[in-house]
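Enquirer: Work out the full structure, taking the sequences as your base and the hints as a guide.
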Amino acid sequence: MAKIHGAVVVNTDRCKGCNLCVVACPSHVLDLQKKEVNDRGYHFAYMSNPEACIGCQSCAWVCPDACIEVYRVVEK
Amino acid sequence: MKGNEALAVAAIRYGADAYFGYPITPQSEVLETLEALKPWETTGMVVLQAESEVAAVNMVYAGAACGKTVLTSTSSPGFSLMQEGMSYMAASEVPALMINVMRGGPGLGTIHPSQADYFQACKGGGHGDYHAIVLAPSSVQEMVDFVALGWDLAFKYRCVSMILADGVVGQMMEKVVLPEQRPRRTEEEIRKLCPWAVTGRKDMRPRNVITSLELDDDIMEANNHRFQATYREIEKNETRCELINTEDCDYLIVAFGSPARISMKAMEMAREQGYKVGLARPITLWPFPVNQIREAAKNVKGILCVELATGQMIEDVKLAIECSKPVEHFGRLGGNVPAPDEILNALHEKFLDK
Amino acid sequence: MELNEIIRPENRVYKKPELLNDTHMHYCPGCSHGVVHKLVAQVIEEMGMQEKAIGVSPVGCAVFAYNYIDVDWLQAAHGRAPAMATAAKRLMPDKLVFTYQGDGDLAAIGTAETIHACNRAENITIIFINNAIYGMTGGQMAPTTLLGQKTATCPYGRRVDLNGYPLAIAPLLAQLDGTCYVTRQSVHTVANVRKTKAAIRKAFENSMKGLGTSVVEVVSTCNTGWKLIPEKANEWMVENMFAKYPLGDLKNKEE
Numbered sequence: 001m002a003k004i005h006g007a008v009v010v011n012t013d014r015c016k017g018c019n020l021c022v023v024a025c026p027s028h029v030l031d032l033q034k035k036e037v038n039d040r041g042y043h044f045a046y047m048s049n050p051e052a053c054i055g056c057q058s059c060a061w062v063c064p065d066a067c068i069e070v071y072r073v074v075e076k
Numbered sequence: 001m002k003g004n005e006a007l008a009v010a011a012i013r014y015g016a017d018a019y020f021g022y023p024i025t026p027q028s029e030v031l032e033t034l035e036a037l038k039p040w041e042t043t044g045m046v047v048l049q050a051e052s053e054v055a056a057v058n059m060v061y062a063g064a065a066c067g068k069t070v071l072t073s074t075s076s077p078g079f080s081l082m083q084e085g086m087s088y089m090a091a092s093e094v095p096a097l098m099i100n101v102m103r104g105g106p107g108l109g110t111i112h113p114s115q116a117d118y119f120q121a122c123k124g125g126g127h128g129d130y131h132a133i134v135l136a137p138s139s140v141q142e143m144v145d146f147v148a149l150g151w152d153l154a155f156k157y158r159c160v161s162m163i164l165a166d167g168v169v170g171q172m173m174e175k176v177v178l179p180e181q182r183p184r185r186t187e188e189e190i191r192k193l194c195p196w197a198v199t200g201r202k203d204m205r206p207r208n209v210i211t212s213l214e215l216d217d218d219i220m221e222a223n224n225h226r227f228q229a230t231y232r233e234i235e236k237n238e239t240r241c242e243l244i245n246t247e248d249c250d251y252l253i254v255a256f257g258s259p260a261r262i263s264m265k266a267m268e269m270a271r272e273q274g275y276k277v278g279l280a281r282p283i284t285l286w287p288f289p290v291n292q293i294r295e296a297a298k299n300v301k302g303i304l305c306v307e308l309a310t311g312q313m314i315e316d317v318k319l320a321i322e323c324s325k326p327v328e329h330f331g332r333l334g335g336n337v338p339a340p341d342e343i344l345n346a347l348h349e350k351f352l353d354k
Numbered sequence: 001m002e003l004n005e006i007i008r009p010e011n012r013v014y015k016k017p018e019l020l021n022d023t024h025m026h027y028c029p030g031c032s033h034g035v036v037h038k039l040v041a042q043v044i045e046e047m048g049m050q051e052k053a054i055g056v057s058p059v060g061c062a063v064f065a066y067n068y069i070d071v072d073w074l075q076a077a078h079g080r081a082p083a084m085a086t087a088a089k090r091l092m093p094d095k096l097v098f099t100y101q102g103d104g105d106l107a108a109i110g111t112a113e114t115i116h117a118c119n120r121a122e123n124i125t126i127i128f129i130n131n132a133i134y135g136m137t138g139g140q141m142a143p144t145t146l147l148g149q150k151t152a153t154c155p156y157g158r159r160v161d162l163n164g165y166p167l168a169i170a171p172l173l174a175q176l177d178g179t180c181y182v183t184r185q186s187v188h189t190v191a192n193v194r195k196t197k198a199a200i201r202k203a204f205e206n207s208m209k210g211l212g213t214s215v216v217e218v219v220s221t222c223n224t225g226w227k228l229i230p231e232k233a234n235e236w237m238v239e240n241m242f243a244k245y246p247l248g249d250l251k252n253k254e255e
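Residue numbers (my numbering), protein chains in the order written: chain A, 1 to 76; chain B, 1 to 354; chain C, 1 to 255.
Calculated directly from the structure, the hints in this document are not laboratory data. You may find that some hints are simply not true.
In silico EDC-like cross-links for lysine to aspartate or glutamate, where the CA-CA straight-line distance does not exceed 16 Å [stated by the list, open to error]:
id, chain 1, residue 1, chain 2, residue 2
1, C, Lys16, A, Glu75
2, B, Lys202, C, Glu5
3, C, Lys52, B, Glu233
4, B, Lys202, C, Glu45
5, C, Lys52, B, Asp145
6, A, Lys3, C, Glu5
7, B, Lys2, B, Asp145
8, B, Lys202, C, Glu51
9, C, Lys52, B, Glu187
10, C, Lys15, A, Glu51
11, A, Lys3, C, Glu2
12, C, Lys16, A, Asp13
13, B, Lys156, B, Asp203
If we take Cβ atoms under 7 Å as the criterion, some of the chain B residues that face chain C in the derived model are [claimed, not checked]:
id, residue
14, Ala55
15, Asn58
16, Met59
17, Ala62
18, Gly63
19, Ala65
20, Val176
21, Leu178
22, Glu180
23, Trp196
24, Arg201
25, Lys202
26, Arg207
27, Asn208
28, Ile210
Derived contacts from chain C toward chain B, CB cut-off under 7 Å, selection only [to be verified]:
id, residue
29, Gly48
30, Glu51
31, His116
Virtual Cβ for every residue (Gly too), placed ideally from N, Cα, C.
Expert: Written out as structure tokens, the structure is:
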């Protein structure tokens, strides 16, 4: 069976930590930084559980600040 | 040709891209004439009856922001509604032509002639520090000529030009000489002449944005200084005034629009009686012809301002001569127009018989 | 598989549309405006209309849309965007002209301009963000504010006797002969975002085909104005807004 590997890259500078991507992710890949903040004081999103990412782009679609890029590899 | 019809024909001949307006007496013939002439079939000019003066002026704003040659016309109550767009256009530095064929106010007032929108036209009208060039025709020929002059000046200075006519000039019929038909500007010509215009990012040029909003106080202050610099330039270059018999006059009548024509007759009658009376007719009300009036008034004993208003232009006349001479007002109101002998009587009463 | 094997240009399946520039958007975290901006940019890009698109921005939070989407823009006085779009489209029929308006702009001060542009069948698209509140001015009551909803100008909740009813304007616009497509969408889930994107695409295509006016209402959140965190605002929207403003096509002339 084909295995799907995904990954997201968050533009941490642009992210406002709204948490909508975290909620939208079906695989619970994302989280907001607990302590670290960007230049404007936002706890930005990051992959806390990268292995679970399937590259479905849900996070990117709902992101209001267009700060998520999604990568996807289908291993046959 | 009727004054209002002349405006419509002159706009087509200039190569106008669009007219947006809303019917209101006494200038509805502008829109009616355009609809009857169907310029969209010949020059491609857009003619649209909007849902209100507010919508119409904002259509003009958009057309001007696109670098197009656009105009609207209205009468006093409608012009009040258009002040929103006037202010935005001034702030965005876009060229447009506005026409106000004045009727008597305040309120719904009367449909008959007036000049009571002088303050509104010349002193701002809308919010913020701005001016529009205000041209005051006193003949149907000038209705034609000032359409072209208005647009030329608007595009030269990226500002709003206004034709401020009274209802008499809008409604009266005279012979006119019309200019040749000019072609409308092509999109290429507009891109060249108005590189700032919203025309789409052809060849992915940097985007153009027409906005009046600027929340950075220093930039907004600088914008205002730039507007003012333009206004000073306009004041320097564009004041226009007709002077008649002012070389030797003891008394000066100052009047614009149709009262200037009636005052001319009163002046002639006074001269027949042996009084040396002259006439100054401001053609640009803003910028006001300060120097010309001051020069004409140098040796006079008194000035009579004749207006279809309670005395609005008189303030600018007093300022022009720095209150160095007696300045009196005579005017009819409520849509009434004075006869020449009424003006002559006023001259006698206020100056000659004193 | 290692991350550095996955994160390679050839594996990229989603990125920010280029037309959405790098300027930081001033919107609050989680604001629906950002999603809709992104969709507008994506659709213009996918249609290849970058050189022909002209947006008209409103007064309200989206006034600065022109700072983010890299096309030519006109900035309208409050409510007048449909009048400005009318002129731009009539003067340049080959351009893609759209307005982007909030509920106060479209359904209060600009009701006349909106209805008449739609009624004239102007070949423009109206993108209407309905979040039932005035965001930019600090959370005052909008024409679309729900009964009982608290805002800065109905602090005890909107009451019929004091404030009248919430205005559902899309059904009014759908009644007009000049509209060809009136739809109501939202952007709170992936599926809804995709549907909204398809709606914007359809609306823009209608405008270029000359079918009349298209209206895409996006029922949205204003989490700051509603005083909720973004995900709770989405929940509140689903629970409260959709009853008054149900999603779906109200009119689709082609069908």
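Enquirer: A separate judgement is required for each hint: does it hold in the structure or not?
Expert: We went through each hint and held it up to the structure:
1. C/Lys16 <-> A/Glu75: violated, 25 Å
2. B/Lys202 <-> C/Glu5: violated, 39 Å
3. C/Lys52 <-> B/Glu233: Given that 16 Å is the threshold and the Cα spacing comes to 36 Å, the pair is violated.
4. B/Lys202 <-> C/Glu45: holds, 14 Å
5. C/Lys52 <-> B/Asp145: Outside the cut-off at roughly 36 Å; violated.
6. A/Lys3 <-> C/Glu5: Status holds; Cα separation ~14 Å.
7. B/Lys2 <-> B/Asp145: The given pair, whose Cα atoms are some 14 Å apart, holds under the 16 Å limit.
8. B/Lys202 <-> C/Glu51: Answer holds: B/Lys202 to C/Glu51 is near 5 Å, not above 16 Å.
9. C/Lys52 <-> B/Glu187: At roughly 13 Å apart (the allowed maximum being 16 Å), B/Glu187 and C/Lys52 satisfy the hint.
10. C/Lys15 <-> A/Glu51: Violated, at roughly 21 Å.
11. A/Lys3 <-> C/Glu2: holds, 14 Å
12. C/Lys16 <-> A/Asp13: The given pair, whose Cα atoms are some 14 Å apart, holds under the 16 Å limit.
13. B/Lys156 <-> B/Asp203: violated, 26 Å
14. Ala55: Interface hint status for B/Ala55: holds (4 Å vs cutoff 7 Å).
15. Asn58: Result: holds, 4 Å to nearest chain C Cβ.
16. Met59: holds, 4 Å
17. Ala62: holds, 4 Å
18. Gly63: holds, 5 Å
19. Ala65: Holds, because the Cβ-Cβ distance from B/Ala65 to chain C comes to roughly 5 Å (cut-off 7 Å).
20. Val176: violated, 28 Å
21. Leu178: Cβ of B/Leu178 sits 25 Å from chain C, so the hint is violated.
22. Glu180: violated, 23 Å
23. Trp196: violated, 10 Å
24. Arg201: holds, 5 Å
25. Lys202: OK, holds: B/Lys202 within 7 Å of chain C, min 5 Å.
26. Arg207: With a closest approach of 5 Å, the B/Arg207 hint holds.
27. Asn208: holds, 5 Å
28. Ile210: Nearest chain C Cβ about 5 Å off; hint holds.
29. Gly48: Violated, because the Cβ-Cβ distance from C/Gly48 to chain B comes to roughly 12 Å (cut-off 7 Å).
30. Glu51: holds, 5 Å
31. His116: holds, 4 Å
Hint compliance for this structure: hints 1, 2, 3, 5, 10, 13, 20, 21, 22, 23, 29 are not met, and every other hint is.
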